[in-house]
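Fit chain Y to the supplied structure of chain R, relying on the hints for placement.
Protein chains: 2
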Amino acid sequence: MFGRTLREAPADAVTTSHQLVLRAALARPLATGLYSLLPLGNRVSRKIEQIIREEIDRIGGQEMKVPVITPAELWQESGRWEALEPNAFRTKDHNGRDYMIPYTHEELFTNHARQEIVSYRQLPMVVYHFQAKGRDEERSRGGLLRVREFVMKDSYTFDVDHAGLDRAYEAHLAAYTRIFARLGVRAHAVESDTGAMGGDVAHEFQVLTDEGEDTLLFCAACPYKANLERAARRLPEVAPTAGVPAVAMAPFATPGLTSIEQLETSLGLPAAAFLKTLLLRAGDEVVAVVLPGDRDLNHAKLRKLLGGRQAKFANDGDFDAAGGVPGFVGPVGLRARIVVDVSVGPGAYVAGANRKDAHLRDVLPGRDFHGEIADVHDVRDGDACPRCGGRLVQHRGVEVGNIFKLGTYYSEKMGASYLAEDGTKRPIVMGSYGIGLGRNLQTIIVENHDERGITWPIAVAPFEAHVVALPVKDAGVRAAAERLVADLETLGVEVLYDDRDDSAGVKFADADLIGCPFRVTVSKRNVAAGKVELKARRSAEAELLEAAGAAEHIAAAVRAVRDTERATAEERAARATARA
Amino acid sequence: MFGRTLREAPADAVTTSHQLVLRAALARPLATGLYSLLPLGNRVSRKIEQIIREEIDRIGGQEMKVPVITPAELWQESGRWEALEPNAFRTKDHNGRDYMIPYTHEELFTNHARQEIVSYRQLPMVVYHFQAKGRDEERSRGGLLRVREFVMKDSYTFDVDHAGLDRAYEAHLAAYTRIFARLGVRAHAVESDTGAMGGDVAHEFQVLTDEGEDTLLFCAACPYKANLERAARRLPEVAPTAGVPAVAMAPFATPGLTSIEQLETSLGLPAAAFLKTLLLRAGDEVVAVVLPGDRDLNHAKLRKLLGGRQAKFANDGDFDAAGGVPGFVGPVGLRARIVVDVSVGPGAYVAGANRKDAHLRDVLPGRDFHGEIADVHDVRDGDACPRCGGRLVQHRGVEVGNIFKLGTYYSEKMGASYLAEDGTKRPIVMGSYGIGLGRNLQTIIVENHDERGITWPIAVAPFEAHVVALPVKDAGVRAAAERLVADLETLGVEVLYDDRDDSAGVKFADADLIGCPFRVTVSKRNVAAGKVELKARRSAEAELLEAAGAAEHIAAAVRAVRDTERATAEERAARATARA
Chain R
1 MFGRTLREAP ADAVTTSHQL VLRAALARPL ATGLYSLLPL GNRVSRKIEQ
51 IIREEIDRIG GQEMKVPVIT PAELWQESGR WEALEPNAFR TKDHNGRDYM
101 IPYTHEELFT NHARQEIVSY RQLPMVVYHF QAKGRDEERS RGGLLRVREF
151 VMKDSYTFDV DHAGLDRAYE AHLAAYTRIF ARLGVRAHAV ESDTGAMGGD
201 VAHEFQVLTD EGEDTLLFCA ACPYKANLER AARRLPEVAP TAGVPAVAMA
251 PFATPGLTSI EQLETSLGLP AAAFLKTLLL RAGDEVVAVV LPGDRDLNHA
301 KLRKLLGGRQ AKFANDGDFD AAGGVPGFVG PVGLRARIVV DVSVGPGAYV
351 AGANRKDAHL RDVLPGRDFH GEIADVHDVR DGDACPRCGG RLVQHRGVEV
401 GNIFKLGTYY SEKMGASYLA EDGTKRPIVM GSYGIGLGRN LQTIIVENHD
451 ERGITWPIAV APFEAHVVAL PVKDAGVRAA AERLVADLET LGVEVLYDDR
501 DDSAGVKFAD ADLIGCPFRV TVSKRNVAAG KVELKARRSA EAELLEAAGA
551 AEHIAAAVRA VRDTERATAE ERAARATARA
Chain Y
581 MFGRTLREAP ADAVTTSHQL VLRAALARPL ATGLYSLLPL GNRVSRKIEQ
631 IIREEIDRIG GQEMKVPVIT PAELWQESGR WEALEPNAFR TKDHNGRDYM
681 IPYTHEELFT NHARQEIVSY RQLPMVVYHF QAKGRDEERS RGGLLRVREF
731 VMKDSYTFDV DHAGLDRAYE AHLAAYTRIF ARLGVRAHAV ESDTGAMGGD
781 VAHEFQVLTD EGEDTLLFCA ACPYKANLER AARRLPEVAP TAGVPAVAMA
831 PFATPGLTSI EQLETSLGLP AAAFLKTLLL RAGDEVVAVV LPGDRDLNHA
881 KLRKLLGGRQ AKFANDGDFD AAGGVPGFVG PVGLRARIVV DVSVGPGAYV
931 AGANRKDAHL RDVLPGRDFH GEIADVHDVR DGDACPRCGG RLVQHRGVEV
981 GNIFKLGTYY SEKMGASYLA EDGTKRPIVM GSYGIGLGRN LQTIIVENHD
1031 ERGITWPIAV APFEAHVVAL PVKDAGVRAA AERLVADLET LGVEVLYDDR
1081 DDSAGVKFAD ADLIGCPFRV TVSKRNVAAG KVELKARRSA EAELLEAAGA
1131 AEHIAAAVRA VRDTERATAE ERAARATARA
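Protein sequence lines correspond, in order, to chains R and Y. Mapping of the first sequence onto this note's numbering: residues 1 to 580, in sequence order. Mapping of the second sequence onto this note's numbering: residues 581 to 1160, in sequence order.
By construction, these hints were calculated from the structure, which means they are not laboratory data. Careful: at least some of the hints might be erroneous.
Derived, one-sided and incomplete: chain R residues facing chain Y with beta-carbon distance under 10 angstroms [stated by the list, open to error]:
#: 1; residue: Gly3
#: 2; residue: Gly41
#: 3; residue: Glu138
In this text, a Cβ means the ideal position worked out from N, Cα and C, and glycines have one as well.
In isolation and in its complexed conformation, chain R is listed as follows (with noise of 0.2 angstroms):
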C-alpha cells in the first residue's frame, strides 16, 4: 500500500477529522489547501463519486465533462471575470489569452446549453460533470475541509420556467437528501446566501459540528434552518409611539468615549440604547450602516443589498467626506448613503454627533435621520424565528452540498434561449447544484469515529474487510491468510491484506485507525486451533470463526452489514424528505 499511517498528526492539523485524514493516509499536503489523494482516499472518494452519480443519474442527469481551463470571454459574458477575481487561479496562453481555473462552472453549461438547446421540446435537461474547481482562498485550513482545488458534482437544470425549475430543485433536494444517507452523513437543509452564484433562492446542506465554519440558526419549534448569512428573526413588537419623548435631540460631552462598551460603562446604559454607526466603502460608494448597540453586521446580507459588492471600512478621505469623525459617528448630517437596519427601533437612541468627544441623546429615528430600511444585523442564539416566533438555537455547521434556482440569471446574460411551443424566443430557466467530493469525505470521519481511528459506512470504506496475518514470517499463518484474501475477494469482498512484518500492536493500531468495517485476524495459535478472528470495527467483542467456511461466513457478515447500512439510508432519506 502506497502511504504510510502516522502515529502522530502534523502540528498544523489541530481538528480531529483533518488529524485522521493525515494519519490513516488518506490524503497529504502539496502546499495550503492542495491535497493528493493517497490510494486508501481515492478508493473512499470514488465511491462517494459513484453514490453521487447514481442518484443523480437516477433523476435523468446526463454526465459530461467540461475542462479545467475555461475561456475569459465566458466569464466576461457574465460579469464574474471580474466579480471572482479575488478568489480566482487565472492563466494566460502564450499568445496572451487569458483563462480561469473555474470557481464553478455555470457559465460553462450556459455556453453549451445555447449551443444545444434550441426548442422546448428538448427541455427540461438535467446534466452534470466531476470537475476540479479553484478557489484561491485566503484561509484555507482544516484538511480536506476548506482547500483551494477540490472536485465538485456540479449538476446544471435547464427548464421552460419556473414551475419547470422548481420541479428540478425539488428533485434536487430529494436526491441529495439521499446522498447524504447513503454517505453516513446528517445533513440538513439550510435556507443560504445566494452569493457568488447570483440567483434567487439557495439551500445549503449542513452538517453540525464543531469543526465547521458556518454559522446557523435552527428554530426549536418549525422546521425553520438558516444560515447566520441569510438568517432572519422576528421583530418584537413595539407599540410605534412607545418610549418615544417629545424631546428634541441634544449633544453632550463623551471624552474619549469611542465605543458602545465604553459608552455603556460610563452612561450605566445597556447597549441597546446606542445607536452604532459603521461607515464604510463599496466601490466608489460610502455607506453608513446604522445598527442598534447590541447588533452586529451580517456583511452578506449587506452584500446583497449592494448588489453584491464587498464593503471595507472607510479610509480618513472618505471619514472627510461625509463629515463623520472616527469614534463619534452618528447618522444625524452624516452626508453618505445610509442604511438603518430594521432592528433599529422607534425608540430614542444615544448617537455620534459627528464631532470629537460628542454624542447626541434623544435621537429619533425618522425625527433626526433617515434612510433605507433593510436587514442588515447578525441572527443570534435565542432570537425569535422569523416563521413561528420560536427560539432560535446556533449551531456550527460544515457545508457539504448546496443547490441554487439561477432563474434566468446567467440565460439572460449569456443569451442562452429556447423557442417556446407558441414561437417566442424565451430564457432558459436554470438552476445548478454542487457537492464537493473532499469535503465530504472528510464530514464523513467527523460524523464516523473515535478516539482509536475511523469508524467508516460499509458503503464508503476503502475496504470491506483488514486481514492481519501474524506473524506474516509464519509460512502457515501467511498461506491459511493468504488463500483466506483468495477466498474473500472471490465471494466479492473488498479485501486490505497487511502482510508487513510488523508486531500485533502495530498492526491492529493501523486497523483501528484505517477503520474498515470489519478486522480478520490470522494468528499462529487460531491457525493452530483451526480458526480465524472477525471483529466488527463498532464493536467491542471478537469472534472466534471456524477457519472451513470462515470466508462464507464473513461474507455474509459483511452483506448483512451492506443490507442494514443500506435500509438505513433509505429510510432515513424518507424520513427527511416526507419532512421536508
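Just chain Y now, with coordinates in the frame of chain R:
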C-alpha cells in the same frame, strides 16, 4: 439527450475523425484545443478509462488523485519549471506564489514517493491517477488528437534497481498492449525519444493513419520500429580510403549559389556531394551542424545531444562571431562547436568557404575540419534498418500512449531514496507511463468508421443498442418501443432511445452517425405484424424478429458481440506480446 448531431461539420474540422467527433455530438470546442465532452463522448471516455483502470490494476496499480494546481517549488527541484515554460500554463495565487497546471505529474509523484517510501521492503510499487494535463501547444488541431487540456492516465513505478524497472516496464508494455486491443485500436510499440521526460529509454504506441502528426520508420524485414525523432539507420559500408583524393582542398567561385539545389544544378553534382552546414544557437552556445547535402537535420536528436536545449537558427552576430557568411557557411575554419553527422562519409565534399560567393572543393572530413560525430540526421523511407539492414518504410502515426524508463533522473534531483537491505541509501528507480483518454477516443474513430459514421467496438460504444421509434406519435409504437427499452435494460443492455418526433431518414442517419453496434427499429408496420427490426451497425442487412422474445434475442446478440470482441482482443494482445 444533451447535444445535437450535426449534418455538416464546421469548416475548420478537416479530418474525418475530427468531423465525426463534432457531428456525432461527442465533444464541443470552447477555445483552440479546449474541448468539453458531451454526454455521448463522456460515456465513451468513461469506458476507455475503466478499461485502462482494469489493466493497470491487474499489474498492481494503486489509484490516487493528484491536483491540477501544483506548486512551482517541486518543478524547480527537477529543473522543469523553466524547461517546460514554452508549453506551460502557469498561475499565481494572491500571495504571489507560483503554480503550474502539470504537463505531466512526474515531480508530484516523486514528491509523494520520497514522503511515503522509506525501505526496500515497500518496493516495488505502481501508482497512477487520471488527471487533466495542460499543454499550451502552438498548433493544436485535429479535434481531440492534439489539444491543450486532456485527461491522461499516468502511472509511475518505483523500484529498487534497473532490473526491477525492466520488469515494471515490461508489465506496462503488456498492459498497454492489452488496453489497445480492448479499445479496438491497432497500436504499434515504437522506439521513441525521451523528450521532455528525461530518462533513458522510451516507447510510444502508434496507430498508423494519415491523420497522424508523427513520422515513423518500420523495418519491412524485422520488428524494428522507431519514431523519426529517434530512428537510426545502418550506414552504407565504405572502404576507408574509397574515393579519397590526395589533392588538397581548393576554393572556387560560386556567385549567388547559396542553396544545395542551386549548387546541384550549377555544378551538375548530386546533393550528396555537398556538405550542408547549419549555424545554430542553443542557449549561449553557437553550434554548427554538418550534414551531407541530401540529408536533413533531426531536431530531436540534436536537442538530446545538447542536453535538452532547443537550437534556433543563428543570428547575424553569431555568424560574425563564428566567421561564417550566410549561404556560404562551411566547417573549415569555422569558430563554433562543430557537430558532424554520422552520415558524412570519408569522401571529398564541396563545402562553403565562409566567404561570400565561394565554396571549397575536395574538402576531407578529418583532414580539413574536425568535430564531434553524432547521429543528428533524419532517417527516411528506403534507408537500411539499423538492426537487420532491411528496408525501412515510412508511415504516419498518432501516438496513443507512451512509456518511459526514467531511471533515477527525478529521484536523484528530488532526493527520493530508500534504505536498501544492506543499510545504504539509494535513489528509487522510476518509470512513467501515459495514455490520453481523448486522443484514444478519437483514434478509435479513426480505426472504426465508414462513410455514414462511426462503427464503435461494443466495449467502448456510448450505448450498445439504439432503439428508434417510428413514428413516436403513434401510441402503439411508443408503447411497444418503451416496453422494449425497459426489457432490454432489465437484461443488462445499454440503450439509447430515440423518441424524437423526426422522420425515419433523420433518425436512421443519426443512428448510423452515432454508431451504436445495434439499431432496433419499432415501426408502425412492424408493430402491426408483431415484429421488430434488428440491424447491426457493421452489417448491411437487417433482420426481422418476432416481437415476443425480441428483447431476449437482442440481448443475446449483444452478449455474442461482447464475447467475440473480447476474445479477439485477448488473442490480438497475446499475439502482440508474443511478437515483442
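Hints and how they fare:
1. For Gly3 (chain R), the interface hint holds, the least distance from its beta-carbon to any beta-carbon of chain Y being 5 angstroms, beneath 10 angstroms.
2. For Gly41 (chain R), the interface hint holds, the least distance from its beta-carbon to any beta-carbon of chain Y being 8 angstroms, beneath 10 angstroms.
3. Hint status for Glu138 (chain R): holds, given a least beta-carbon distance of 8 angstroms to chain Y, under 10 angstroms.
Every hint from the earlier list agrees with this structure, and none is contradicted.
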